[in-house]
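Between the sequences and the hints, there should be enough to build the whole structure, so can you do that?
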Amino acid sequence: MLRKIRISLASLMLIIITVLLCGINYKLSMAFAWVAKIQFLPALMAFDIVVILFLLLLTALFGRIYCSVICPLGVMQDVFGYVGGKVKKNRFSFSPEKKWLRYGVLFFFVLCLIVGFAPVTTLLAPYSAYGRIINSLIKPICDFINNALADSAAQNGSYLFSEVDIWTRSVTVPVVSVLTLLILALLALANGRTYCNTVCPVGTALSLVARNAIFKIRFDKSKCRNCSLCEKNCKASAIDFKSGTIDYSRCVVCGDCIEVCHFDALRFCAGGAKASDAPAEPDASRRAFIVGAAVAAGGVAAAQTLSKVDGGMAALTEKEAPERQTPLVPAGAVSVDRFKKHCTACQLCVSSCPNNVLRPSTSPERFMQPEMSYERGWCRPECKRCGDVCPAKAISPINGGDKKDIHIGHAVWIESNCLVTSADVACDCCARHCPQGAITMVKTNDNPQKAVPMVDVSKCTGCGACENLCPARPFSAIYVEGHEQHVYS
Amino acid sequence: MDRREFLKRLGLGTAAGAAVLAGCKTSSSSSGEDEVLDGHGTMTYRVNPNTGDSVSLLGFGMMRLPVVAGGTERDHPDSPIDQDMVNRQVDYALEHGVNYFDTSPAYCRGLSERATGIALERHPRKSYFIATKLSNFSPDTWSRKASIAIFENSLKELRTDYVDYLLMHGIGMPPGGDEGMKAFYGRYIDNGILDWLVEQKNKGRIRNLGFSYHGDIRVFDMLLKWHDEGRYHWDFAQIELNYLDWDYANEINPRNTDASYLYAELHRRGIPAVIMEPLLGGRLANQPANIMQRMQRQEPQSSAARWAMRFAGTPEGVLSVLSGMTYLEHLKENVETYSPLRPLNDEENALLMTLAQDIYELKSVPCTACNYCMPCPYGIDIPGNFAHYNRSISDDKMPSHNPLQSDFQKQKREYLIDYDRRVPKLRQADHCIGCGECLSHCPQGIKIPDELKRINDFVEYLKQN
Chain A
1 MLRKIRISLA SLMLIIITVL LCGINYKLSM AFAWVAKIQF LPALMAFDIV
51 VILFLLLLTA LFGRIYCSVI CPLGVMQDVF GYVGGKVKKN RFSFSPEKKW
101 LRYGVLFFFV LCLIVGFAPV TTLLAPYSAY GRIINSLIKP ICDFINNALA
151 DSAAQNGSYL FSEVDIWTRS VTVPVVSVLT LLILALLALA NGRTYCNTVC
201 PVGTALSLVA RNAIFKIRFD KSKCRNCSLC EKNCKASAID FKSGTIDYSR
251 CVVCGDCIEV CHFDALRFCA GGAKASDAPA EPDASRRAFI VGAAVAAGGV
301 AAAQTLSKVD GGMAALTEKE APERQTPLVP AGAVSVDRFK KHCTACQLCV
351 SSCPNNVLRP STSPERFMQP EMSYERGWCR PECKRCGDVC PAKAISPING
401 GDKKDIHIGH AVWIESNCLV TSADVACDCC ARHCPQGAIT MVKTNDNPQK
451 AVPMVDVSKC TGCGACENLC PARPFSAIYV EGHEQHVYS
Chain B
490 MDRREFLKRL GLGTAAGAAV LAGCKTSSSS SGEDEVLDGH GTMTYRVNPN
540 TGDSVSLLGF GMMRLPVVAG GTERDHPDSP IDQDMVNRQV DYALEHGVNY
590 FDTSPAYCRG LSERATGIAL ERHPRKSYFI ATKLSNFSPD TWSRKASIAI
640 FENSLKELRT DYVDYLLMHG IGMPPGGDEG MKAFYGRYID NGILDWLVEQ
690 KNKGRIRNLG FSYHGDIRVF DMLLKWHDEG RYHWDFAQIE LNYLDWDYAN
740 EINPRNTDAS YLYAELHRRG IPAVIMEPLL GGRLANQPAN IMQRMQRQEP
790 QSSAARWAMR FAGTPEGVLS VLSGMTYLEH LKENVETYSP LRPLNDEENA
840 LLMTLAQDIY ELKSVPCTAC NYCMPCPYGI DIPGNFAHYN RSISDDKMPS
890 HNPLQSDFQK QKREYLIDYD RRVPKLRQAD HCIGCGECLS HCPQGIKIPD
940 ELKRINDFVE YLKQN
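As given, the protein sequences belong to chains A and B, one line each in that order.
Residues in the first sequence are numbered from 1 upward in steps of one, following this note's numbering.
Residues in the second sequence are numbered from 490 upward in steps of one, following this note's numbering.
Source of the hints: derived by calculation from the structure; they are not laboratory data.
Hints should not be assumed to be uniformly reliable.
Cβ-Cβ distance ranges computed for the label pairs, FRET-style [as the list claims (entries may be wrong)]:
| id | chain 1 | residue 1 | chain 2 | residue 2 | range |
| --- | --- | --- | --- | --- | --- |
| 1 | B | Tyr816 | A | Ile145 | 54 to 64 Å |
| 2 | B | Asn742 | A | Lys27 | 40 to 50 Å |
| 3 | B | Lys886 | A | Tyr488 | 39 to 49 Å |
| 4 | A | Asp446 | B | Asn954 | 38 to 48 Å |
| 5 | B | Gln785 | A | Leu12 | 52 to 62 Å |
| 6 | A | Asp456 | B | Ser791 | 19 to 29 Å |
| 7 | B | Leu851 | A | Thr362 | 46 to 56 Å |
Don't be surprised by glycine CBs; every beta carbon is placed ideally from N, CA and C.
So, in structure tokens, the structure goes:
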């Protein structure tokens, strides 16, 4: 019974969170966003006390069912484990808890959280690892299917599906995802929940509470006939049938042992144990980190052609990202530093960004955490999706019309790239498209002939319309430099 | 089923099919008792008083030739012209009495003349008339040498040693200021090219000399004055004429002149008029439901295109009406419309004049997708952007200007999805830099950067609501 309930709930949760991470449809994402928000580490980063207390209470009552039902990475391993079980039955055996490794990893992880060392925290966080796997391996498939459907919809005059851009946002994330998937799949196929029981910092943290959970799987030694099936089917390697003990710090309450026991020797019930208090995970503290210097991007003007014959389309060079001294993070992130400490790099915002602005960063110190760039679109004023979906509140939701009041960066004009100065074209593209009216074309005293763009930094929000729409390619003649601290006006 | 039975059944099937077809024929011909239906006689011809040429009322415009990938160069810019289809269309046209073929060195990215030459070469030279133009628009080609080279190259591409109708291309362009007059002098007078063309006419290499007109009316008036003075003789002239431009050309764009004036000026002097843009690049063939219904009430079976073609063919001073046909279906329909032409009666004419008023009120962009503005150096698909806007109007799919209206979200979604489907993102109006490079190329005198801004402002309004 316990097993069946667990499997149905876990399947449901896995499907919901996968759909969410694929970013298929915004309305669906909004309906499902809560599944990401009840993930332990994001909730901790978001300082969502209600969710944390709920999860701790849940664990104190029933043990680590979080790991069996809510955590998508855990459930994914169970899927591999199930396949492994088909190949080789009764393949597990008890192994003692490797405390030094578990607590060593947890300690190191908490330390990295505190100092904001992203490469470790983003790699080890279980939900984020799953998010990346879906984002890099499943979402592209969804997008391809979507575009095929959009194609046929276009032919049939339907508006059910519309085309999305498919492009490589990062190389690191897919590589890391494939490696994660391979390692976890191999571990799960052979040894079940090795990752969850020896590495996963969330699992170790929860096990502190789970040791003394009220409802536990209890071993009735009097009924046991020493058949060892329970031990051989415990994917957590937590049952020692000889001594009749179960390591509750590793048991994920999957119920498999109850199911295999022919003699009713295992039961999920309340006993006399008392629930202990939850250990408080400290929130991240501050740490300064200066990003290296960058060179202003060079650029090439769009080629001018003489129209001697009618028709044809001018070829367009793809835009290239400029090097920004300060990274651009979405409105709601408050500051680059805060963002770096809160983001677990689950890529949910990347999947949800309809303007192709967000992508994982390539910088090692913000390992796989998203950043913004404007080669394929700009951060449109009406869109607040990343903040709506972010489970860690690394991007806090923006309510009402605030977005236009948050200045995430400011535009910088690069004279040498500008068509006005380099190609003598009467271009006012950045000024005509600036939604804030922050750019004006000015004839300076130095050059009274040509009007060049001047940016009023106090009005500029850093949305990137100017950078994205600038005709200079591959490097725009105006680009947005990020703000360390977002300015609210 | 054995082989014999199969053959028997096949035979029966064929016989039945033939009977059905025969039945169709009888019923359709019997329905024509009351009035003469279009397409059941022979092509209407008009006589050119200068040469005695008997010219078909339908002229084949070779500006929108089909490409291999489908549609025209507008739909697939990199696809080559579908020569097999062009040959088929030319064969069909000649078979059905069309004998006037109009091309230019500039059309279809400069490939139209060659395709026309290949298709026509397969028929006796005397069985058709070729019209082409001296399209020396670019100042680089204003020199005498370059202009002559363009004409000589036309003969080569068209695989012939004479042109039946040669036009000075787009006199009066670009509109605005004295630009049109300057360009006319630069292209044809200062370099002596007009006199050289007259020479060629005397040599028999050009049989009829004329011009096509867009833009500055002073150039048009001046050329007719020269005609009156006997300085030059125009064998024909090409003007834009349709029921919208008849009275509204000037309202749509103050720089343009109503077709009624242009036609009257030519007719008064006995100069045959060749008509371009009878359908405004297909815009008049695609009408909103309420306009369409009023046409259908008058004549249920007639398409919007047929109404417009009949209007353009009705004035007796019209020598030929050019339609830039991409599809065999369009060719067939136009052939039917003019075989023979049923001239518009007063009642029908009055209806079109009322409709013109309403079409004018729709405020669509007066683009005919002639492609003269292309390529935009910044990659914008100018006619594509206008076509999407206009189609949203003609398909009654324009989102409301009030976001609170009940179906606003649905209409908005469809408008934006259609926009992305019809125009690639990088070629949409938001990428216009306002450089104005296109302005001098537009025969309609559209203020392209302003119109693109208007379209983009509308898209922004939709996206932000």
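Status of the hints after comparison with the structure:
no. : hint                               : result
1   : B:Tyr816 with A:Ile145: 54 to 64 Å : 33 Å, violated
2   : B:Asn742 with A:Lys27: 40 to 50 Å  : 44 Å, holds
3   : B:Lys886 with A:Tyr488: 39 to 49 Å : 40 Å, holds
4   : A:Asp446 with B:Asn954: 38 to 48 Å : 42 Å, holds
5   : B:Gln785 with A:Leu12: 52 to 62 Å  : 56 Å, holds
6   : A:Asp456 with B:Ser791: 19 to 29 Å : 59 Å, violated
7   : B:Leu851 with A:Thr362: 46 to 56 Å : 51 Å, holds
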